[in-house]
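Participant: Residues per chain, in single letters:
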Amino acid sequence: MRDQSLWTWHLAAGAVILVLLGLHMVIMHLAAIVPLASSVPNGGEPIDWANVVVRAKSVFFMVTYVLLLGAALFHGLYGLRNILFELNPGTGTKKALSGLILAVGVVLFVAGTLAAWVGFTVARGA
Amino acid sequence: MIENKGRPNRLGVVGWLGGGRWGFERYMYTLHRVTGLGLLLYFLLHIGVTASRAFGEQAWKTAMGAVRGPIFTVGEYLVFAAFAFHAVNGIRLGLIELGFAIGKPIEPVYPYRTSVDEQRPLAIVVMIVAAILAVVGGFGFLMK
Chain A
684 MRDQSLWTWH LAAGAVILVL LGLHMVIMHL AAIVPLASSV PNGGEPIDWA NVVVRAKSVF
744 FMVTYVLLLG AALFHGLYGL RNILFELNPG TGTKKALSGL ILAVGVVLFV AGTLAAWVGF
804 TVARGA
Chain B
6 MIENKGRPNR LGVVGWLGGG RWGFERYMYT LHRVTGLGLL LYFLLHIGVT ASRAFGEQAW
66 KTAMGAVRGP IFTVGEYLVF AAFAFHAVNG IRLGLIELGF AIGKPIEPVY PYRTSVDEQR
126 PLAIVVMIVA AILAVVGGFG FLMK
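In order, the protein sequence lines correspond to chains A and B. FYI, my numbering numbers position 28 of the first sequence as 711, with every residue one higher than the one before it. FYI, my numbering numbers position 38 of the second sequence as 43, with every residue one higher than the one before it.
Only true hints are included.
Within a straight-line C-alpha distance of at most 30 angstroms, the following computed DSS-like cross-link-like pairs (lysine-lysine) qualify:
id, chain 1, residue 1, chain 2, residue 2
1, B, Lys66, A, Lys740
2, B, Lys149, A, Lys740
3, B, Lys149, B, Lys66
Hints were generated in silico from the structure; no laboratory data involved.
Please model the complete structure; the sequences and the hints are all you need to start from.
Facilitator: If you want it as structure tokens, here you go:
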């Protein structure tokens, strides 16, 4: 039952990633063929600091960064866990792997969220 | 916790990759995994690099300067192509999981028919759409 819920969350996270990562790819990498205002509001490249600051100020970008971070970490790390479990390790190894993967996910989520939040507050204050 | 009590993966790592005679969709499954693991690896590194913006303009410029150049551009394009395949194939897997595009259940009357024949057109459409996205994205990367 627990794995069934986790699998359903895996699929739901995939749907979120499909939309948000698709948008991210278009804004950050396909600005030349799909020009969106958010890509290069100050000209140059999407990764130029002036453009990064404009996006970092936006509540929409801050919220969707954190949402994408959480969805992608869960989707990717749960997928990795399933692949590793196919080798049919013992129960102790499965618990250790699950704990390690969960810890990595939580640490990266906290670090990424903190970076998004600090970037947001610094850009707003600038 | 998943317990595989019936038929454990005795092939081990080979069982992860090998499709044997299981057909085209089995190799799409392998490609889905390979692209998924590649995207995960890139994503974990990406979090570290992009978090540099929290430390200000200079830290951001230093981080971006470290990942600039033709090798990184090719690498980023491969990430984009992997995303294109993984996303479109993920939609196919979701549709199949929900019971779409697999045909209606029929009586098992000889000569038996396989639902693979019903699923194959969607698999071909997925490969075509992923290829189109990869080519269009390629132009986007070339024009950067």
